[in-house]
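Colleague: Here is what each chain is made of, one letter per residue.
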Amino acid sequence: MSAVVEERIDDDLWSAIGDPTRRRILDLLLLGDGTATSLSEDLPVTRQAVAKHLAVLDRVGLVRATPAGREKRYRVDEAQLARAVAQLSSVGRAWDARLQRIKRIAEAIQRTAKEQ
Amino acid sequence: MEFGTIEREIFVEASPEVVFEVVSSPHHLQEWWPDEAEYDPSPGGSGTISFGEFDADRTVVGITVVDAEPPRRFTFRWTHPVGDAARVGNSLLVTFELTPTRGGTLLTMTERGFREMGWEAAVLEQQFHEHETGWDFYLPRVAPYAESLATRR
Chain U
1 MSAVVEERID DDLWSAIGDP TRRRILDLLL LGDGTATSLS EDLPVTRQAV AKHLAVLDRV
61 GLVRATPAGR EKRYRVDEAQ LARAVAQLSS VGRAWDARLQ RIKRIAEAIQ RTAKEQ
Chain W
117 MEFGTIEREI FVEASPEVVF EVVSSPHHLQ EWWPDEAEYD PSPGGSGTIS FGEFDADRTV
177 VGITVVDAEP PRRFTFRWTH PVGDAARVGN SLLVTFELTP TRGGTLLTMT ERGFREMGWE
237 AAVLEQQFHE HETGWDFYLP RVAPYAESLA TRR
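Taken in order, these protein sequences are the chains called U and W.
Start counting the first sequence at 1; every next residue gets the next number (our numbering).
Start counting the second sequence at 117; every next residue gets the next number (our numbering).
Since the hints were made in silico from the structure, they are not lab data.
The model shown is predicted, which means the values in this text are computed figures rather than measured ones.
Wrong hints could be hidden among the right ones.
Quick look at which bits of chain W chain U covers, simulated, 3 or more residues with Cβ under 8 Å [what the hints assert, rightly or not]: (1) 132-142; (2) 151-159.
With a cut-off of at most 16 Å between alpha-carbon atoms, the simulated EDC-like pairs for lysine to aspartate or glutamate come out as follows [claimed, not checked]: (3) K114(U) <-> D183(W); (4) K114(U) <-> E129(W); (5) K72(U) <-> D33(U); (6) K52(U) <-> D96(U).
Glycine included, C-beta positions come from ideal geometry on N, C-alpha and C.
With these hints in hand, go ahead and build the complete structure from the sequences.
Modeller: Below is the structure:
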């Protein structure tokens, strides 16, 4: 896969999890497999809307579908989800380190000010 | 789980005035984040922050102060190309909120804009992170290693 194509997929992956309804769908699917019908019972949107969201998630590989009667049954692709989550948690760790340094610097200044 | 926004909180044993100075002034910013920072820390002020000390691996990005209310709030955008106006979609938005508490300050940081900027922004942040934590990671390990070398003699 060329770098350009890979980047494109990453962008799609990112916008796929950017949507609050799709994040809710992922949360529900992490609890157990589901179909558009079963998921729509737990969501304030129609079955048709859920099916569209599932298609977006399927396209970027976040969910996998298997035929189940007239519908499709979906489950989360945990490897792909982990890949997306890892990217952001690395950024979170960066801020943890920065905030620790802010704390050290501010507390050193405060101590010096008190001593004077 | 909220994707696209990072939120952190830390208690600092210092007054909000001191903490505000540390999170907003270019001089202090250099001590906890980029290698170099040049900007006017008042609302609308803009400039640059640079990562990497040598020309070859140096990255320079824009920083624009959105809001500065000492000693309560400091907000800025960063990662936009130098010279471009900062806006939603070309930069990440960082907000520091300072709340006075018993014996110090509660500092809350949020970083937003990953969703609007797309995946590349997260990759970019990860790269800056890798750059800046290089020494943080290795330095504390140097001393014990040196000691273990000394005792083995």
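Colleague: Has the given pair, K52(U) with D96(U), been kept, meaning a C-alpha gap of at most 16 Å?
Modeller: Status violated; Cα separation ~37 Å.
Colleague: Confirm or reject the coverage of the segment 132-142 of chain W by chain U under the rule of 3 or more residues with a beta carbon closer than 8 Å to the chain's beta carbons.
Modeller: Satisfied; 5 residues make the cut.
Colleague: Given the hint that K114(U) pairs with E129(W), does the C-alpha gap stay at or below 16 Å?
Modeller: Roughly 12 Å between the alpha carbons, so the hint for K114(U) and E129(W) holds.
Colleague: Are 3 or more residues of the segment 151-159 of chain W near chain U, judged by a Cβ distance of less than 8 Å?
Modeller: Not satisfied, violated; 0 residues make the cut.
Colleague: Taking only the CA atoms, is the gap from K72(U) to D33(U) under or equal to 16 Å?
Modeller: Holds, at roughly 10 Å.
Colleague: Decide if the proposed pair is consistent with the structure: K114(U) and D183(W), CA atoms, cutoff 16 Å inclusive.
Modeller: Distance of about 30 Å is beyond 16 Å: violated.
Comparing the model with each numbered hint stated earlier shows that hints 2, 3, 6 do not hold.
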